[in-house]
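Given the structure of chain A, go ahead and fit chain B onto it with the hints provided.
Number of protein chains: 2
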Amino acid sequence: MSDRSYAILGTGALGGFYGAKLQKAGLDVHFLLKSDYEYVSKSGLVVESKDGDFTLPQVNAYNDVTKMPQCDVVVVALKTTQNHLLPQMLPPVVKDDGVVLILQNGLAVEEEVAAIVSNVSIMGGLCFLCSNKVGAGHIRHLDYGQITLGEYAPGYDACGITEKMRQIADDFINAGISIELTEDLLLGRWKKLVWNIPYNGLSVILNARTDELMAYEHTRKLAEQLMYEVAAGAKTCDRIISDSFIQMMLDYTVKMKPYRTSMKIDHDERRSLEVEAIFGNPLRKAQAAGVNLPQINCIYQQLKFLDEKSRVDKGDKGDK
Amino acid sequence: MSDRSYAILGTGALGGFYGAKLQKAGLDVHFLLKSDYEYVSKSGLVVESKDGDFTLPQVNAYNDVTKMPQCDVVVVALKTTQNHLLPQMLPPVVKDDGVVLILQNGLAVEEEVAAIVSNVSIMGGLCFLCSNKVGAGHIRHLDYGQITLGEYAPGYDACGITEKMRQIADDFINAGISIELTEDLLLGRWKKLVWNIPYNGLSVILNARTDELMAYEHTRKLAEQLMYEVAAGAKTCDRIISDSFIQMMLDYTVKMKPYRTSMKIDHDERRSLEVEAIFGNPLRKAQAAGVNLPQINCIYQQLKFLDEKSRVDKGDKGDK
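As you go down the protein sequences, you meet chains A and B in turn.
The working numbering numbers the first residue of the first sequence as 12 and each following residue consecutively.
The working numbering numbers the first residue of the second sequence as 12 and each following residue consecutively.
Next comes chain A alone, as it looks inside the complex (with noise of 0.2 Å):
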């Protein structure tokens, strides 16, 4: 087994699900939370899951980067709307010559991190999971699980598949986590858009699960349209995605159970919403390269619209 130690920061459906598989695998994992902390601290955490339900009695709870030991691996799992607060958050817990790695949507967030931290690698994890934080320190894990994992160079150049990516990926598996590792890091960032925009944006504005938007004509060639700007977006970054790529997502969605996406969630629950990360940043890569995304951007802006809206009523209410 491994002697890394790994830092947990955000401890919801998707940082708690991973770095309870990998304490209970035997790892050194450190988890920051927030409104779960007092509970999380006494009672440590519990994990449902269609691979077996398993409980940590006891596990390394803090709610202050700043009392946490520095960690080899330091594993991103807030919303991207709290990335803000990373320049905060990164320094203190990452050990010189360890590794941040990401695991969030969207795109460009790696960059975001080499600014705020050197002398460590960056690596991007892109998670297929359906998992659901049910309560305090309390996760529900549904679906899937792997991770397709890259690392990053500046400029996003493709710098195939290296010795660190390995140990991290043996952590994984040996935790029972299924990893693919990927020589280009952008191309999965992109690859994974072309869902995301379609189905992450639609479900919002049109209040509909996939199956809906896949059972009526004009939403399903609507996602097909999308997929394609998404395939336009990620030319401008010489990363090409084939026409049989997009028909195999569309397939895919079509035979998939029904679905919420996991902006609806948020959406539904009055969270913030990541249009930054999955549509502001793709569209704004596209126009650095002169190149207008007309649909994707008619998305974005029903979102921020709904986002900022929501962000308003639900102050309204507060001051009640």
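Don't read these hints as lab results, they were simulated from the structure.
Bear in mind that the values here come from a model prediction, so they are computed numbers and not experimental data.
Put simply, identical chains are the same to the list, so a pair is met inside one copy or across any two.
List time: in silico DSBU-like cross-link candidates among lysine-lysine, alpha-carbon distance up to 30 Å:
(1) Lys232 to Lys320
(2) Lys246 to Lys232
(3) Lys203 to Lys320
(4) Lys232 to Lys203
(5) Lys232 to Lys296
(6) Lys35 to Lys53
Same frame as chain A, now just chain B:
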């Protein structure tokens, strides 16, 4: 006073209002009704108006076009979602050498009518009217009321101000309805779409009033981008809409009282939406000229989803 006879096809918030004003001015008016037929044949029409309330205790009411006399002017005041009925409705009721006056939103309806009846003049009227039907035969006129009137020629060639246009304008002006004559009906229709496409569309999709759409930066920007796409569509028909017209429409909407658009009202009351006339036809016009309007297309497909789903949901309820 003229001796022109008028048929009003569709005695709702719009047809009922203009028809009642014409009858009150002494003209011979014949009203086609559906659900309100029994009530209106017995009790007539009531108009509450900011210009003065009035009652017509007796009107010529019909529930079948074949029972109506042939009239000099047939006013099409149905929703465009009912236009599949025009091939049955129009021929029996319009006089040879008469006029069909289409008081509907959207594009290309005159072409459809030209394919149904020949030997008539076809005119289009763009109505700026805030009016609701609040009960059987009961219309509440809230604001505005002016009509921009133009005549149709094949291919939408601009055909100047004709004598027939002047005659009809006189009838309306005598009835207290403000009329502006336009030499170019198609330009008028595209200009009206500059407002209708962003605000009707976004108000339904984002569940918002005009003031909310204009209060947020992103929807204000999106409305403007949609307006520029409408201008690009108009250009494919050789009609020029200036930037200053677009800026005027934006300013005007900011200064307007909070407004629930007609399409939003239709959606809230689970009526069919006029998606094809207002969105589908302009898209197809531009497409025929090889021009893609991607953001309008995005809105179009979202509206088609919401409209079709709303009918399915309604049907589901009916079955229970």
